[in-house]
Every structure is written in C-alpha cells, then in structure tokens.
Amino acid sequence: MNRDELERKIAEASEGELAAADLAELENELIKWPDLKQDFEAIMNLPDIGRAYPVAEIQKFSSQIDAIRRQIHEQDHTKDHFSEFSLFIFKKYALAASILIVAGSSALFFSDDSFVNSQETVPAEELFVYQAEAAASEDYMVQIDNLLFDENSDEY
Amino acid sequence: MGYISRKNFEKQITELYPRLHRSIAAFAAGSDVDADDILQETFLKAYKKIDQFDGQSALYTWLYSIARNITIDEFRSRKRKPDKSHTPADELDIADNEPEAFEYRQKEVHNLRQAVSELPEILRDVVVMKTLEGLSYEEISEVTGVNMETLKNRMFRAKKELAERLKRTEPEDEQR
Numbered sequence: 830m831n832r833d834e835l836e837r838k839i840a841e842a843s844e845g846e847l848a849a850a851d852l853a854e855l856e857n858e859l860i861k862w863p864d865l866k867q868d869f870e871a872i873m874n875l876p877d878i879g880r881a882y883p884v885a886e887i888q889k890f891s892s893q894i895d896a897i898r899r900q901i902h903e904q905d906h907t908k909d910h911f912s913e914f915s916l917f918i919f920k921k922y923a924l925a926a927s928i929l930i931v932a933g934s935s936a937l938f939f940s941d942d943s944f945v946n947s948q949e950t951v952p953a954e955e956l957f958v959y960q961a962e963a964a965a966s967e968d969y970m971v972q973i974d975n976l977l978f979d980e981n982s983d984e985y
Numbered sequence: 492m493g494y495i496s497r498k499n500f501e502k503q504i505t506e507l508y509p510r511l512h513r514s515i516a517a518f519a520a521g522s523d524v525d526a527d528d529i530l531q532e533t534f535l536k537a538y539k540k541i542d543q544f545d546g547q548s549a550l551y552t553w554l555y556s557i558a559r560n561i562t563i564d565e566f567r568s569r570k571r572k573p574d575k576s577h578t579p580a581d582e583l584d585i586a587d588n589e590p591e592a593f594e595y596r597q598k599e600v601h602n603l604r605q606a607v608s609e610l611p612e613i614l615r616d617v618v619v620m621k622t623l624e625g626l627s628y629e630e631i632s633e634v635t636g637v638n639m640e641t642l643k644n645r646m647f648r649a650k651k652e653l654a655e656r657l658k659r660t661e662p663e664d665e666q667r
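Residue numbers (the numbering used here), protein chains in the order written: chain A, 830 to 985; chain B, 492 to 667.
Hints are computed from structural coordinates only; laboratory data are not their basis. One or more of the hints may lead you astray.
[Unchecked claim] Cross-link-like lysine-lysine pairs, in silico, DSS-like; alpha carbons within 27 Å at most:
#1 A:LYS889 to B:LYS536
#2 B:LYS498 to B:LYS540
#3 B:LYS658 to A:LYS861
All chains should be built: construct the whole structure from the sequences, respecting the hints.
This is the structure in structure tokens:
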C-alpha cells in the first residue's frame, strides 16, 4: 500500500467503516510508516465531532419554519392571483380587442391604394351619351314643332 | 409531475430544518453567514424547483446540496474572513446537569467547534457532510463532484488538522 492508500484507509477506519481484519492489516502496515501511525492514533482519539453539534429541537426553529411556510404560501398566492387577473383581463377585453382588430384591418384594406385604383372609372364617351341623347331629343322636338307649325300654319 | 408533491415537500420542512441547520451552521462557522438565512433561501428555491427533484438521491441530500451551493456563493460574495471569536457559548446546546462536567464539556465542544471552523473550506465541507450529515462517500461525491478517493484523502487531512489544532489548545486550557 502506498501513502495515499494508507491515508484513505485511516479515514475509513476513523469513520468505523473498516472491517476488523482490514483494521488489523492497516495497523500492521503502519509499523513501516511511523509518522502515519502517529497520525492514525491522533485521529482515532479525536472526540466525536457529531456530539459538538447536537441537533436542536424543532421548537427552536418554529418561527423560521413558519416564515418559510408563509413565504411559500405568498408565492403560491401571487402566482394564483396573477392567473386569475390574466383570465379576467382576457375575458373583459377579448371582445373589444377582436372588434378593434377587425376595424383596424378593414381600415387598412380600404385605405390601400390598390383598392382605390381598382374602382371602376366611367369612360369619357359614356359621360356624353346622355348629353348626345338629350341633344337628339331636342332636335326631335324642334322637328315636331316645325311639323306642327307647318300643318297648323293657319292657326298661327 | 415531480417525484414529490409540493404539499408533501412543505410537510417535510419541519423534519428537515433542524438537521440541515446543524450542518449549515457547522459549515458556515467562522463566517458571518447566517444558517437561518441560507435555509430560508434553500427551501424557497427547492420549492420552486421541486419538479426537478428526480428522487435519485434522498430529498435531504438534494436540499443539502442546494444549501451548500448557496453558502459557498455567500462565502464568495462576502470574501469570507474567518472570525476566530465565532461560536459563542450560548449557541451550544449541552444538556448536562452537573456543573463541572458541563463546564468541561462546554470547553471541549467549544474547542472542537473552533477547530472545525478554522479548517479550510474544502476540508470542512467533507467533515460536515460525512461526520454530521452521515452521508456516504458516494453521496458526497454526487454533491461535490469530487471522486471518492480524493474525498477520503481530504477526510484524512481534515482529521489530522483537527487533531493538531486540538492538541495546540490543550496547554492553553491547562494554564487556565
């Protein structure tokens, strides 16, 4: 066994994790390592470290434990409150938001240039059709007047 | 769904708190880091991340690793300066009715705690986890990410230092 291995064995022995046979083998080996043997004896004679730190009774920590529980509940409450609030906002404003979206997109659609350009324009000729027709009817009336005048010239 | 429900976790706080407090107080001894503050942060953090607990280690080990990391972060942020006068006697919980035995035990406990608090952090870490927590080297390896052989060597060095420090305090006590 080398030095590192022996140190590990000493650590195990001090934790009571070494079987009796292994402990005897270690003690035998340590004869060749006087400084380690000295360390081994000092370590094995250490007082129980665990006894220096007794676990305090639960009552001693009741206020700290209560504080943790309170914070956990506050955390949960904040989370629940946020979900409820989000749902309320969604319900209340979902309809208004939908209408706004429809109105907005319609406004965008109608203000689009392509829509204006797509409107049918009246050709110039058509604008004069009625005028032409009006002129023809006037001529027709004049003609009838003339005819009537000719036929009833005596009456005039 | 996590390995443990939030409700069940909350129930276990009462049982886990005192044990964790002892270990973190020992680990943080000699600094101005308060074990109660660390544990408060630990339990809240654990509660938020409870879904991440997969049950591969014990709940206690998982909590301890969170608490240990928070403590180490605190050490780093405060640039830990050892306070040799730490561990006041009134913090000691020694149940002994005989005054002489009480005094002797109080002194022994004080010296031992003082020696532990003066250990370098990496050595104190192993002592706390192994001796106070009763974790196996395998569990300590999971928490620290250090292999078991190195951990055992650190334990040897820690105990050797403790023995030397305690030996140095003996003559002081005899002089009093």
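Against the structure, the hints:
no.: 1; hint: A:LYS889 to B:LYS536; verdict: 23 Å, holds
no.: 2; hint: B:LYS498 to B:LYS540; verdict: 13 Å, holds
no.: 3; hint: B:LYS658 to A:LYS861; verdict: 25 Å, holds
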